[in-house]
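From first to last, the protein sequence lines stand for chains A, B, C and D. Following our numbering, the numbering of the first sequence begins with 522 at its first residue and continues without gaps. Following our numbering, the numbering of the second sequence begins with 522 at its first residue and continues without gaps. Following our numbering, the numbering of the third sequence begins with 522 at its first residue and continues without gaps. Following our numbering, the numbering of the fourth sequence begins with 522 at its first residue and continues without gaps.
Wrong hints could be hidden among the right ones.
Treat identical chains as interchangeable: a pair holds within one or across any two.
Claimed, not checked - Listed next, the in silico BS3-like pairs over lysine-lysine satisfying Cα-Cα at most 27 angstroms (straight line):
{"hint": "1", "residue 1": "786", "residue 2": "565"}
{"hint": "2", "residue 1": "690", "residue 2": "729"}
{"hint": "3", "residue 1": "865", "residue 2": "774"}
{"hint": "4", "residue 1": "524", "residue 2": "774"}
{"hint": "5", "residue 1": "772", "residue 2": "655"}
{"hint": "6", "residue 1": "655", "residue 2": "773"}
{"hint": "7", "residue 1": "865", "residue 2": "690"}
{"hint": "8", "residue 1": "865", "residue 2": "773"}
{"hint": "9", "residue 1": "774", "residue 2": "729"}
Simulated from the structure, these hints should not be mistaken for lab results.
Number of protein chains: 4
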Amino acid sequence: MRKIRVGILGATGAVGQRFVALLDQHPWFKVSALAASDRSAGKKYVDVVNWTLPTPIPGWAQDMEVQPTRPELDCDIVFSGLDAAVAKEVEWEFAKKGYRVISNARSFRYDPLVPLLIPEANPDHIHILAEQQKRYGFGRGFIVTNPNCSTIGLVLGILPLWLEAGIEKMVVTTLQAVSGAGYPGVAGLDILGNVIPHISGESEKIEKEPLKILGKLEGNSFVEAEIAISAQCNRVPVRDGHLISVSLQLKKKLNLEAIRELYRKFASPLAEWNLPSAPYHPVGLDGSTFQPQPLHKVNSGNGMIVTVGQLRECSVLDVRLVALVHNTIRGAAGGAILNAEWLKVNGYLD
Amino acid sequence: MRKIRVGILGATGAVGQRFVALLDQHPWFKVSALAASDRSAGKKYVDVVNWTLPTPIPGWAQDMEVQPTRPELDCDIVFSGLDAAVAKEVEWEFAKKGYRVISNARSFRYDPLVPLLIPEANPDHIHILAEQQKRYGFGRGFIVTNPNCSTIGLVLGILPLWLEAGIEKMVVTTLQAVSGAGYPGVAGLDILGNVIPHISGESEKIEKEPLKILGKLEGNSFVEAEIAISAQCNRVPVRDGHLISVSLQLKKKLNLEAIRELYRKFASPLAEWNLPSAPYHPVGLDGSTFQPQPLHKVNSGNGMIVTVGQLRECSVLDVRLVALVHNTIRGAAGGAILNAEWLKVNGYLD
Amino acid sequence: MRKIRVGILGATGAVGQRFVALLDQHPWFKVSALAASDRSAGKKYVDVVNWTLPTPIPGWAQDMEVQPTRPELDCDIVFSGLDAAVAKEVEWEFAKKGYRVISNARSFRYDPLVPLLIPEANPDHIHILAEQQKRYGFGRGFIVTNPNCSTIGLVLGILPLWLEAGIEKMVVTTLQAVSGAGYPGVAGLDILGNVIPHISGESEKIEKEPLKILGKLEGNSFVEAEIAISAQCNRVPVRDGHLISVSLQLKKKLNLEAIRELYRKFASPLAEWNLPSAPYHPVGLDGSTFQPQPLHKVNSGNGMIVTVGQLRECSVLDVRLVALVHNTIRGAAGGAILNAEWLKVNGYLD
Amino acid sequence: MRKIRVGILGATGAVGQRFVALLDQHPWFKVSALAASDRSAGKKYVDVVNWTLPTPIPGWAQDMEVQPTRPELDCDIVFSGLDAAVAKEVEWEFAKKGYRVISNARSFRYDPLVPLLIPEANPDHIHILAEQQKRYGFGRGFIVTNPNCSTIGLVLGILPLWLEAGIEKMVVTTLQAVSGAGYPGVAGLDILGNVIPHISGESEKIEKEPLKILGKLEGNSFVEAEIAISAQCNRVPVRDGHLISVSLQLKKKLNLEAIRELYRKFASPLAEWNLPSAPYHPVGLDGSTFQPQPLHKVNSGNGMIVTVGQLRECSVLDVRLVALVHNTIRGAAGGAILNAEWLKVNGYLD
């Protein structure tokens, strides 16, 4: 099989670096273009990137010449790690020129014709794309987005319950890692030995995005799920891994043992497709007293598994649990790559 | 006025050190005895304490000879910073011998004749003491306890709402500082760059203690308040200051502006007594976008003020807020000292 | 005594905030002007400053209107917390207009007519100022600088040895706090759980500045001291307090006991002047096994005392020791204020 | 090839866990016994270990029954991660019973018949073993030790210079990670946002161990190298990776460019043997401005490569550099495994 050639927009940024690392030796995709700001364009990637990941820069990436962020890249699809500030305009231009844009930015998440995709949760939402292409005049191009990093952790963390019992209400408190703010992001002086009990725009996303994701695609429009969600977000001095504390009310009551069984049995709805980045058990249940800790569990399934622990009855709603998601892998670049894999096996990258 | 002579049980521990520091130059109390384990007894305090506070050991304490923890201390009242493991037996013995025991330990918190005291919240609960003395044969002695550090932050943080509107339900998530676990407490390897999403016994205390505190003393028994509380507790890499994220449902509905007004106007019910450790505004409302942060606000009112921020409507219950309490001052030693002050002006230390 | 009116340049920055905090209730100085960038000018200080200190903004500062950084401020002297990038031009303009400039910036440190002042070490260097004023046409104005934060810790830490025995060589390794890099300074992602073994320009300053400070003012020129200094600098995840590990070779050999005695007896050469910010013992010797730790000792003498510990024989040179300095108090704003106090009692602020 | 069966003493401790992780899928060794305290004996490893590594417990180890620490283990050699407190007696007993003991403990490091081994530095020191076996009556058994974690980093970091030019003096300052103190080790309250400028016994080891390692085996005795070493050790809030700042004086002078060339060309003296854990370039030179940082470089060569950076002329001695070693891999368990590999290819494990 010929590999699909992919470009990375915002390749020097925090999410862009994760794309580069995760696409190293990907069986289906091959990075053929790295794009960044005009200031970096024309230079070698290794010379302009401030690489912050623990693994080294893949050899093939080091000497690649960084391209300017214009829709003339030599590739079939683009992964976008752009800041929202520029993503709206740039991604639209790329789609207009026929590029398939798999975006991590928030710009088009609420667009009525753009899927907000977590393939395990709403695999069929991609079927809006024909309508998107037609209405927006994208030709072969399109835009698919993945949700905010915390939203992904929340939705996957409660997915077995949602599918089996339905959920009416969720009270959410997050403890989010520093890498979620990009680079340079949060100042050392602000976060060393401290917690910042607010993240701009974050609670709004967590309260809103799941409604679209867990909603239904009816004809050519998304009908939102009816869940009341309340979120309060904290930045904590952790490098990687968002913890999401959830108290929720079920539609159909289940006892704890039944819930544990649900989680243990939960296999990926995508299992039969053997997608390279899709874990067979995308949600891991951990019954240990002191888990899930970011330091111990964030890399479960190469960062693609959401770990759920602290499961117990809630004395206000029905159930409490804590979900842990790797915010820059499953919650960003890895999630986007999984989206691309799902699009591929559905023929959308042909 | 002659100062009241006080002893400190567990004087070398984390809470004991706070007692020593906070009682330095106290206008009413004078430390006349420091007690610790037999291993330390007979030695100078400075030689056996592993002092971990940022301020130096007060001069008067450095050369004091540490006493064994037996009810023969040369003092009128004792503050107990003992571990729960030994507190039950030891505190009982002291009370039996006529000592007034102001305890930070959990051993007697649920005893039906022992006040669980936050003077701003349940000032009248001390009137159980006559019955306690009689029934337990304590003579002049008695035992008064203060709640768990997180409970104090929670109860004070919602007190203006409780008093004005009543509260039916609270969903609570805590982000607790390392000093709350004592010394040596949490291992560096466990907490550096990490979050531990469980603290043994903590959620149970937060769910249960407020019911007694906010309950009524009717005759000689406490009648619990009716509030449903659900708590999940996290340890975070912060030195001092527990953050408590609360979503709550009111009995009487109030809009946000009315709530803000409530908090701004809330003055200490103890104000007229001019207690040395009682802030005039025990609950501070902070409307800044990124507050209350432990690093910036934990020392408000010398660590005796609970700061509330992130106040907003909750889309599941009625109101969300975040409360910050200095866990080893207001939440432990400082809270106990305030309890002693309240007992004094009510004649219980005569 | 009428207070001297002072302005603060760079008042919203990290060092500027320290000036504001330290000048609160200063017995001799009264802040009459806060200056910052044009973007902040015209607004209230409280509205433009991102206050990062643990103590609150002094009341008088909160509502002061920030001025543009032009030499038309209503004050007699200015403290400069400016970045080196702009300090050179701006400080010169202020001096030209007759302002006395007490600067923390590095721009004029090596100027042959500008004192690089640590009053305990080189009190007489201020007598170059008449020549400076004449040659540079400053009229009543002048410029006085304080050294780099690590240099101050190093020079004070070895001052008793220098004065008594002379020093020929020093091998220095620093462990420097994050606040030394200003705000936002070091990114959280770079420093959480990490050490950065290089600080741009820092080792050069440590190797060079002491030569001028410990040199002699002969006539109207400074003659450098002859010491070989080698430095390597590390950034560590500590908020405040630079640790400086020194191995040094003495001119006149002294045994350890004699050295300890030297340190114990060392009193400030400025003692008789009773300067408000000058500790009587500017260098504290700590013989404890595990000291000086930043967390425990950085605030010694309100941050104006350098603490020396780990004193022992060196098997390569003669003596090893570790010095701890509060980098933004004694090492920056506090050092500059002490400089101003020294200038005042010498009549240079009349 | 049949795999050699190995036991691990102290298997539940910090170093023991590293042994378990590093021996997973080792081509030559197969863990056949895990030994720990009597309290753990008889239980499953997974049930008694407080696993603190980021990778999961290998499947084969989880259900192994922990053995008591007695010389009746079913294995050919033992790796010892024992505390020094018990290592002396236990390791001697094992050797007496014919076990080959590869120890990370310090108990026998200075024994005149025990090699203190870094195979790249003193490969021939193993030839003392025949004499050791004879004199101590060990039969087939023996004891081989690896140096302290900082010593290994220091010796490897300067090895190319030592071999080519000789070294007369070294002034050393270390910044050591928390994992070096074992588990629970350093209390969170002591190290969060702090530096502790002393590590008990550490500077002595760094000043002494290299003399034996870099010394010569002449006949049946070790003749120490003549180097003057001075060390001061700091604990810093980093998880893994000791930084070692060195200023050194060469016997034969070399300019910086020649030194860089030396490092670049330095290949392992063990290269021809293809040992599984021996990197071809055991010392990596990193010329980047801000390297080697623990977070970025500690895992070089799977934690077996020492990274050297900040190379420059020293104005007091000749050369300065900073070396980074993974303290629990190359500096402990990984170093011991490499020792075993070297013993094997030399026939000492037959």
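(message) Within a copy, between copies, both or neither: which one fits residue 865 and residue 774 at a CA-CA cutoff of 27 angstroms?
(response) neither (38 angstroms within a copy, 52 angstroms between copies)
*Should residue 865 paired with residue 773 be assigned to within, between, both, or neither, using CA atoms and 27 angstroms as the limit?*
The answer is neither: 36 angstroms in one copy and 55 angstroms across copies each exceed 27 angstroms.
- Message: As a check of your reading, is residue 865 near residue 690 (CA-CA no more than 27 angstroms) within one copy, between copies, both or neither?
- Response: So residue 865 and residue 690 fail the 27 angstroms test inside a copy (35 angstroms) and across (48 angstroms) alike.
- prompt: Is it within, between, both or neither when you check residue 690 against residue 729 at 27 angstroms Cα-Cα?
  reply: both (13 angstroms within a copy, 24 angstroms between copies)
At most 27 angstroms between C-alpha atoms: does residue 774 with residue 729 qualify within a copy, between copies, both, or neither? both (24 angstroms within a copy, 25 angstroms between copies)
Quiz item: Under a CA distance limit of 27 angstroms, which applies to residue 655 and residue 773: within one copy, between copies, both, or neither?
Solution: Classified as neither; 40 angstroms inside a copy, 52 angstroms across copies.
| Taking 27 angstroms as the upper bound on the Cα-Cα distance, should residue 524 and residue 774 be classified as within, between, both, or neither? | For residue 524 and residue 774, neither the intra-copy (47 angstroms) nor the inter-copy (54 angstroms) Cα distance is at most 27 angstroms.
* Classify it for me, residue 786 with residue 565: is the Cα-Cα distance of at most 27 angstroms met within a copy, between copies, both or neither? => Between. Shortest inter-copy distance 26 angstroms satisfies the 27 angstroms Cα cut-off; intra-copy 47 angstroms does not.
*asked:* Regarding residue 772 and residue 655, is the shortest C-alpha distance of 27 angstroms or less found within a copy, between copies, in both, or in neither?
replied: So residue 772 and residue 655 fail the 27 angstroms test inside a copy (38 angstroms) and across (52 angstroms) alike.
Hint check: violations occur at hints 3, 4, 5, 6, 7, 8; the rest are consistent with the structure.
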